[in-house]
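> Protein chains in written order, with the numbering used here: chain A, 1 to 491; chain B, 1 to 491; chain C, 1 to 491; chain D, 1 to 491.
Just so you know, these hints were derived from the structure itself, not from any lab. Treat the numbers as computed from the prediction; the structure is a model and nothing was measured. Worth double-checking, as some hints may not be accurate.
As a list, the in silico DSS-like pairs of lysine-lysine whose alpha-carbon atoms are at most 27 Å apart [what the hints assert, rightly or not]:
| # | chain 1 | residue 1 | chain 2 | residue 2 |
| --- | --- | --- | --- | --- |
| 1 | A | Lys150 | D | Lys403 |
| 2 | A | Lys205 | A | Lys173 |
| 3 | C | Lys403 | B | Lys155 |
| 4 | B | Lys314 | C | Lys150 |
| 5 | B | Lys396 | C | Lys150 |
| 6 | A | Lys65 | B | Lys484 |
| 7 | D | Lys150 | A | Lys411 |
| 8 | D | Lys205 | A | Lys407 |
| 9 | C | Lys407 | B | Lys208 |
| 10 | B | Lys64 | A | Lys484 |
| 11 | C | Lys155 | D | Lys314 |
| 12 | A | Lys484 | B | Lys40 |
| 13 | A | Lys205 | D | Lys404 |
| 14 | A | Lys411 | D | Lys155 |
| 15 | D | Lys40 | D | Lys236 |
| 16 | A | Lys314 | D | Lys155 |
| 17 | B | Lys239 | B | Lys12 |
| 18 | A | Lys403 | D | Lys155 |
| 19 | C | Lys321 | B | Lys150 |
Next come the chains, spelled out residue by residue.
There are 4 protein chains.
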Amino acid sequence: MRTANQYFEDLKKMRSNVYIGGDRVSRDDSRLLPNINIIKTTFELAQHTDWEGLITARSSLTGKKINRFTHLPQNPLDLMQKQKMIRLTATRTGGCIQRCMGQDALCALSVATKEIDEKFGTGYHERFMNYIRDYQERDLAGACAQTDMKGDRSKRPFEQEDPDAYVHVVEKKSDGIVVSGVKISITMAAIADEIIVVPTRALTKHDKDFAVAFAIPADWDNIRLVTRPVYIREKKKFKSPFAEMGASESVIVFDNTFIPMERVFMCGEWEFGRRLALLFADSHRFSYTGCKPAVSDILCGATALIAEANDIEKAPHVREKLSEFIGVGELAYAAGIAAALYGERASSGTFCPNEMYANIGRRLMGENIYHEFNILTEIAGGLAVTLPFEDDFLAKETEQDLKKLMKRNPKLSYENSCHAWRFVEDLAASSMAVWYQIAGVHGGGSPIMETITLNINTDYEAKKDIAKYLAGINEELDQSKEIKTKPNQIK
Amino acid sequence: MRTANQYFEDLKKMRSNVYIGGDRVSRDDSRLLPNINIIKTTFELAQHTDWEGLITARSSLTGKKINRFTHLPQNPLDLMQKQKMIRLTATRTGGCIQRCMGQDALCALSVATKEIDEKFGTGYHERFMNYIRDYQERDLAGACAQTDMKGDRSKRPFEQEDPDAYVHVVEKKSDGIVVSGVKISITMAAIADEIIVVPTRALTKHDKDFAVAFAIPADWDNIRLVTRPVYIREKKKFKSPFAEMGASESVIVFDNTFIPMERVFMCGEWEFGRRLALLFADSHRFSYTGCKPAVSDILCGATALIAEANDIEKAPHVREKLSEFIGVGELAYAAGIAAALYGERASSGTFCPNEMYANIGRRLMGENIYHEFNILTEIAGGLAVTLPFEDDFLAKETEQDLKKLMKRNPKLSYENSCHAWRFVEDLAASSMAVWYQIAGVHGGGSPIMETITLNINTDYEAKKDIAKYLAGINEELDQSKEIKTKPNQIK
Amino acid sequence: MRTANQYFEDLKKMRSNVYIGGDRVSRDDSRLLPNINIIKTTFELAQHTDWEGLITARSSLTGKKINRFTHLPQNPLDLMQKQKMIRLTATRTGGCIQRCMGQDALCALSVATKEIDEKFGTGYHERFMNYIRDYQERDLAGACAQTDMKGDRSKRPFEQEDPDAYVHVVEKKSDGIVVSGVKISITMAAIADEIIVVPTRALTKHDKDFAVAFAIPADWDNIRLVTRPVYIREKKKFKSPFAEMGASESVIVFDNTFIPMERVFMCGEWEFGRRLALLFADSHRFSYTGCKPAVSDILCGATALIAEANDIEKAPHVREKLSEFIGVGELAYAAGIAAALYGERASSGTFCPNEMYANIGRRLMGENIYHEFNILTEIAGGLAVTLPFEDDFLAKETEQDLKKLMKRNPKLSYENSCHAWRFVEDLAASSMAVWYQIAGVHGGGSPIMETITLNINTDYEAKKDIAKYLAGINEELDQSKEIKTKPNQIK
Amino acid sequence: MRTANQYFEDLKKMRSNVYIGGDRVSRDDSRLLPNINIIKTTFELAQHTDWEGLITARSSLTGKKINRFTHLPQNPLDLMQKQKMIRLTATRTGGCIQRCMGQDALCALSVATKEIDEKFGTGYHERFMNYIRDYQERDLAGACAQTDMKGDRSKRPFEQEDPDAYVHVVEKKSDGIVVSGVKISITMAAIADEIIVVPTRALTKHDKDFAVAFAIPADWDNIRLVTRPVYIREKKKFKSPFAEMGASESVIVFDNTFIPMERVFMCGEWEFGRRLALLFADSHRFSYTGCKPAVSDILCGATALIAEANDIEKAPHVREKLSEFIGVGELAYAAGIAAALYGERASSGTFCPNEMYANIGRRLMGENIYHEFNILTEIAGGLAVTLPFEDDFLAKETEQDLKKLMKRNPKLSYENSCHAWRFVEDLAASSMAVWYQIAGVHGGGSPIMETITLNINTDYEAKKDIAKYLAGINEELDQSKEIKTKPNQIK
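All chains, full assembly: derive it from the sequences and hints.
This is the structure we're talking about:
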């Protein structure tokens with residue numbers, strides 16, 4: 001397993017194909033460092049004995065110890081460990097751990113390549129298994145590029161005026177394919193080793209060229225990344241882990257990019273567009289049942305901390321509000337547990353979370369994220385957004401005035417009070433705050449997507465059968481099928 | 001295992017100590033039959049091969065096949081099977097199966113008697129194990145009597161002007177004890193074989209006499225039940241299972257009632273008042289993670305059915321509303337699964353659900369029950385409460401007029417349309433509707449009780465530690481303890 | 001103005017064309033008395049000097065003092081007085097005063113007949129003014145029959161297989177018209193003097209025959225009412241005004257009914273179908289900004305009363321919950337005030353409420369009614385639905401047991417405690433409860449209808465203009481039009 | 001009336017007593033310009049004929065035309081015009097107009113000085129009237145400084161360890177007083193002409209020294225402002241009014257500041273602490289019934305605009321969401337109208353809004369602000385927070401790639417699409433977004449403060465009387481008092 005430093009050294013060697021604010025920059029640009037710090041965390045903790053077995057796993061391919069972020073889950077416990085790993089690591093980075101995205105793409109591809117082969121006699125699965133063996137061996141961090149630019153949303157890919165609206169095959173060669181098109185809103189792409197491309201939607205036979213999946217180094221020829229980093233004002237004195245973490249989203253431009261054949265995992269099989277898109281989406285929504293509870297944990301902790309700073313921690317309305325975080329976070333976490341237990345083993349051996357539970361868990365969090373920020377704001381008060389800048393706390397002329405301001409709870413030292421307020425500002429009243437809000441709604445699929453998925457998968461006729469039985473419309477209610485379904489065992 | 005009929009025959013033999021509407025009545029009073037029908041369901045299904053292993057279990061005491069409603073769960077799968085049994089049987093009775101209540105009292109007593117013995121060297125556990133062996137053997141249905149009359153709520157039991165505000169020991173004899181006091185809102189007591197009494201709250205050393213638990217036949221000497229049955233207008237033609245089910249709540253008066261020693265399971269150990277009260281409450285809240293999803297299933301099915309009757313089933317806003325039922329019901333069910341998996345084996349061997357997950361699951365349902373009725377009403381329209389009486393549909397002079405009214409969706413026959421509308425009326429616009437609403441909020445503990453339990457059990461300091469770590473207040477965040485916690489295995 | 005008794009005497013003289021539960025009954029059937037009691041209230045209070053000028057008004061036609069429920073509002077103050085009258089009278093009857101419905105139909109017809117005449121040179125308005133003069137003079141109570149049976153909802157009236165799905169003209173004669181069809185869910189029709197019929201929806205030129213409006217005595221030849229009364233269990237000892245009030249809904253069958261020409265107010269002018277339907281709907285939604293705050297007042301009062309009975313009135317969470325009723329009720333009331341002030345005088349002189357404010361006020365209440373019941377239930381506890389029947393409180397054998405039960409707050413007498421609990425049972429756990437819930441959602445138009453009306457009437461382009469201005473898309477934002485809009489003066 | 005430029009010139013002449021980020025800065029510091037632009041708007045529009053009579057008024061003191069932001073409302077129409085002025089001007093600045101704050105302080109002082117004089121025979125009112133005459137004449141912009149630093153919140157002012165926790169009188173001299181203490185979270189103080197100080201809470205006789213109110217130029221001796229400005233990244237090409245607006249909050253340090261007697265409006269009359277604090281709060285909450293609907297208008301317009309950009313404007317779920325903005329915004333606006341109409345004329349002649357309606361209006365908005373941002377985010381999608389920086393749209397190497405990205409709705413030009421997306425980013429995903437969120441909750445008093453005010457002012461006993469009447473506890477319900485209350489006339 002790589003160290004955090006090795007990962008960073010590898011990044012620095014990459015070709016400079018990232019653009020930020022009008023400039024082409026190398027991957028150690030200071031605006032990317034906060035995002036790099038998040039990924040570094042996944043390498044650091046893997047070196048720590050406390051985390052053994054949680055952030056590490058035995059590879060199902062080689063039996064070797066690997067970083068769990070590169071692992072293909074094989075059973076319910078694997079999924080539950082993944083969920084727990086995400087929750088706990090995300091509390092270290094402020095709510096998002098990011099590296100799960102690549103893992104979810106790998107899980108999806110491990111399943112889909114097998115199923116495509118089974119249907120069409122193609123050879124994608126072996127090719128993919130070679131790829132992931134190397135990925136585990138080299139302990140890579142991949143970004144999954146799913147969301148296309150989409151263009152006119154009322155039209156299918158093949159109908160778009162500009163074919164680049166969706167990534168597609170431009171040319172097939174003996175040793176590879178040439179692709180073009182633009183992916184957008186791709187988190188961590190600018191600091192990933194690899195980019196893993198999967199389709200974003202169901203496809204028709206006319207969309208054959210858009211049925212394409214592959215993985216490629218992020219600095220490959222003819223790839224450009226236009227990147228928007230997000231980070232918090234650097235601290236001079238009141239430094240904190242949270243203030244050093246950040247994110248970045250990229251527009252990824254494939255401009256007649258050549259993909260060598262051994263890295264192509266789908267090419268033309270439009271019948272599997274929807275399947276592959278959903279395999280990734282469901283796996284990733286399951287991951288959110290780990291990180292979103294972490295976000296609730298953090299917001300809950302911050303609310304409790306600032307209630308202490310305001311010396312109102314024991315007030316009944318504060319206690320009631322705190323319990324709301326537990327309700328939301330733990331319900332989503334429970335949905336993840338149920339998704340693990342009622343999951344399904346695919347023909348490839350990869351264990352996939354139950355679609356319904358993964359979706360209701362993710363949806364709950366997406367529906368509540370703004371409300372959770374609202375609670376923090378309610379308890380913190382306006383000071384979160386009116387606090388003078390750190391420099392004023394350090395300047396001679398104003399330091400004494402502001403020291404007074406920090407004296408609310410006599411039990412809290414001036415230093416800790418500054419840390420607490422600065423943290424709440426960073427959390428609730430910064431560019432990171434809106435990033436967490438909007439990512440909280442849309443990351444991994446917005447509530448409306450989850451509702452659609454739920455509605456497709458719910459057997460409403462079975463619910464109606466219950467109503468019909470009770471209404472006296474049918475004489476018998478056949479529940480034998482349901483009765484026989486049991487949860488999977490935990491190994 | 002008894003048949004439904006044997007259960008009913010046994011009921012009829014009981015002493016007439018039930019009062020309804022000013023009269024003393026026998027247990028086959030027509031107003032009690034709907035409630036009896038619910039309990040009968042638990043006996044009927046146990047005879048059915050489809051339900052083998054779900055509504056039946058192997059006794060942990062005797063190894064014999066028993067009705068699972070008399071079983072003490074021994075592991076996570078037992079809890080999950082109990083949850084599933086409750087959900088599926090409750091869809092047959094309209095949302096409440098009632099017999100779980102007695103089972104939850106038995107689970108609580110199996111744990112508490114052991115723990116009391118361990119602390120005080122008493123002999124309650126063996127006594128209780130003899131009792132439950134007989135209970136399983138005779139396949140009994142017990143009502144748990146927990147909620148006391150309470151009197152002035154600002155005072156503790158021993159401070160009450162009227163000591164009968166809480167059930168208490170009046171006299172101790174060599175062969176038993178004499179108790180007095182009043183329990184209220186006790187579901188199914190009037191049609192139960194046994195009444196199982198447990199304390200309702202934490203007690204102090206001054207409340208010694210109120211620390212009492214026992215089980216006794218429901219028609220025992222010096223016990224009076226003042227009972228309020230609830231049921232739906234009987235149907236002449238458009239009969240339905242739902243319209244034949246009902247409930248009943250009793251005020252149970254203990255008036256110098258003698259309890260033989262072998263049926264006394266706690267007597268004076270006030271230190272265990274809170275523990276026993278919570279053991280029952282948590283076990284019962286876990287049961288609600290089974291029945292409340294059933295209520296959602298029924299309301300969902302009814303909404304889908306009436307949307308079909310209104311020919312608007314495919315409308316986007318209807319689909320969106322339907323998905324809300326899935327969200328609420330399945331999140332609560334998932335909370336139950338998590339409660340099972342993260343439960344704890346007590347020293348007696350009984351497996352207890354995780355308190356936090358049991359409470360957030362139950363709370364979610366209690367917070368949403370009125371909203372769920374709102375959805376049904378929204379889609380059904382006003383007709384649910386303005387539909388003419390069944391007799392007008394049967395009377396010559398008006399039958400033809402009303403037949404027209406039932407023609408909304410041409411695909412639905414007149415008969416089925418009548419059944420559907422009558423069912424929605426019974427479900428949403430009847431005395432049963434308000435019973436389900438109010439029981440949905442308060443049965444097994446209201447949301448505010450669950451919030452209190454959650455707050456007592458949540459380690460907010462650990463959440464604050466996360467916030468402090470991110471804020472830079474502490475250097476390290478010790479997560480090793482959490483990391484090592486794993487779910488229990490499913491056998 | 002008639003006395004309550006005169007109204008009742010007039011009812012008793014009517015032809016027996018009401019059917020309840022399979023029987024044809026006269027209008028003094030005991031099941032109709034509770035509904036009659038509501039309408040009686042409007043006559044009783046009009047005799048009371050306290051209510052002078054509120055429940056009475058000066059007729060705009062004759063200058064005579066009339067019952068305001070027969071008055072055509074002429075200015076904003078008239079609307080505000082109407083709103084206040086409805087709120088205050090509704091607190092006397094338990095939340096619904098019903099007689100406003102007829103008034104709203106008259107307002108709508110006063111406007112539409114004039115507008116139809118203006119467009120088509122017809123003579124409806126004079127005919128209608130003669131009618132209303134007589135209506136005011138005789139102090140009548142009319143039910144508005146709007147909602148048709150509708151049949152297959154995906155089809156327009158003229159497309160229906162059964163033309164009776166909508167009331168329509170069957171034949172035109174020199175002295176009148178013949179109509180057929182079925183209206184449903186018509187509140188108070190069985191105890192009204194008159195039935196006032198208006199169309200329920202927008203019509204096309206093919207629906208000409210369905211464009212019909214008229215008023216007719218409720219016992220007219222060839223009219224049948226199939227009626228569903230709703231009322232509360234009669235009290236023996238703990239009598240109360242609330243328990244004596246009730247409602248009734250009727251299916252009204254027009255079976256080749258002859259309508260004399262002087263009572264026909266629209267006949268064939270399909271272009272005004274939507275206009276007339278909305279004029280009634282908006283006027284009636286405005287009325288709900290009076291009665292729905294009354295419902296909130298009653299639920300708030302009941303919650304406060306039962307909190308007192310439970311001796312928890314000063315608890316912070318109770319206080320917080322109580323304030324929610326004020327928020328909902330007063331916001332809706334404020335919407336009514338704004339609707340009055342920003343209303344519009346029609347060409348006939350009738351003053352119509354502002355459509356947007358009437359709709360947002362009504363919608364708010366419809367969205368919150370179940371939630372308001374939830375609050376009451378939350379504070380009352382389960383006893384609301386488990387309280388033994390009144391007869392058990394009066395029976396010798398159980399009276400003493402139950403007296404104990406009523407001792408919660410030592411300051412409340414046994415009698416008052418019984419009244420309070422019985423009232424909460426009647427309010428939250430009776431057939432009246434579900435009637436108020438469902439009527440609260442759908443009466444006068446459900447939230448979804450109000451949303452549609454809002455969306456039709458909101459100038460979203462103007463909102464977008466604001467966004468465009470701020471976004472720098474347009475250089476100037478023309479607000480001059482808006483600036484000049486002023487509220488109407490209150491006379 | 002001053003021009004915008006005159007205002008700015010006057011600012012520039014002020015003594016440099018503002019600190020930002022560690023530096024002492026003059027008032028034309030670039031970080032303050034965005035805030036200055038908001039206040040400038042109030043001067044610019046006053047010069048525009050369209051706005052005549054809305055943003056201008058006739059002074060009740062001099063009869064001269066003045067800027068309405070300096071006017072004391074004399075009747076309901078004055079209040080309604082103020083509300084409308086705030087709503088319309090706020091749509092120009094992005095949601096907050098700020099200058100109302102000073103006006104609300106003046107209204108409060110005009111009432112309180114008179115009432116204090118009436119009780120204690122002091123001479124504050126004349127002194128204040130001289131002050132406001134000058135204020136109107138010179139067309140000043142004042143910031144109201146109410147919120148104190150507060151220190152330990154469980155202690156009263158006089159109990160604080162550090163007396164500076166609340167502004168207080170240090171010394172009384174013949175020609176004035178000397179005050180010390182710190183006010184926090186004071187919007188626009190750094191760019192105001194004057195600072196108007198009022199107490200923040202109810203006071204006891206021990207808090208006499210804290211009962212102090214005065215007005216003083218913002219650059220007066222011994223006043224320091226530590227200011228936190230908030231603004232949006234400046235645009236190079238896609239400029240917009242919204243991006244040029246901003247805010248600033250100041251910590252105001254009074255450090256033995258001398259206040260000349262003619263500017264002292266309260267000094268020691270602790271009995272009026274609560275009254276004056278609430279007079280300001282209620283007046284300001286009323287102002288929020290103007291600006292918060294503007295915020296809803298803007299968010300609604302932005303949502304509609306970005307729905308158009310996404311070409312989903314007509315989707316049913318979008319339409320439904322849009323109507324929510326109307327519901328929230330117009331209900332709050334209606335509450336303002338009701339507050340105006342049911343307001344009260346104080347003895348000084350100033351017309352004060354009805355406290356209950358002002359509070360429920362403000363509370364509604366505070367409870368919904370995060371939800372409103374949620375709707376915008378939901379419809380906009382993730383792009384709001386992942387959009388590359390403007391510079392990348394202008395850079396040669398990436399311009400063409402990003403142009404493609406903006407082609408979603410073919411009807412929208414590239415330029416307008418850029419403006420629209422940049423605006424949504426600025427609105428929902430910027431430092432301004434969190435400012436509007438937190439100010440939306442806490443500005444002018446948080447929901448919990450409004451609930452407290454509501455609960456103090458609601459006559460819950462009157463609500464209980466209704467319940468008692470209906471429950472049969474009281475024989476009569478005296479409504480004569482309520483009936484006589486009529487709204488105030490609009491002049």
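> Hints first: check each against the structure and report whether it holds.
Against the structure, the hints come out as follows:
no.	hint	in the structure
1	A:Lys150 x D:Lys403	holds (13 Å)
2	A:Lys205 x A:Lys173	holds (21 Å)
3	C:Lys403 x B:Lys155	holds (19 Å)
4	B:Lys314 x C:Lys150	holds (19 Å)
5	B:Lys396 x C:Lys150	holds (23 Å)
6	A:Lys65 x B:Lys484	holds (18 Å)
7	D:Lys150 x A:Lys411	holds (16 Å)
8	D:Lys205 x A:Lys407	holds (25 Å)
9	C:Lys407 x B:Lys208	holds (23 Å)
10	B:Lys64 x A:Lys484	holds (21 Å)
11	C:Lys155 x D:Lys314	holds (23 Å)
12	A:Lys484 x B:Lys40	holds (23 Å)
13	A:Lys205 x D:Lys404	holds (25 Å)
14	A:Lys411 x D:Lys155	holds (15 Å)
15	D:Lys40 x D:Lys236	holds (22 Å)
16	A:Lys314 x D:Lys155	holds (16 Å)
17	B:Lys239 x B:Lys12	holds (25 Å)
18	A:Lys403 x D:Lys155	holds (19 Å)
19	C:Lys321 x B:Lys150	holds (23 Å)
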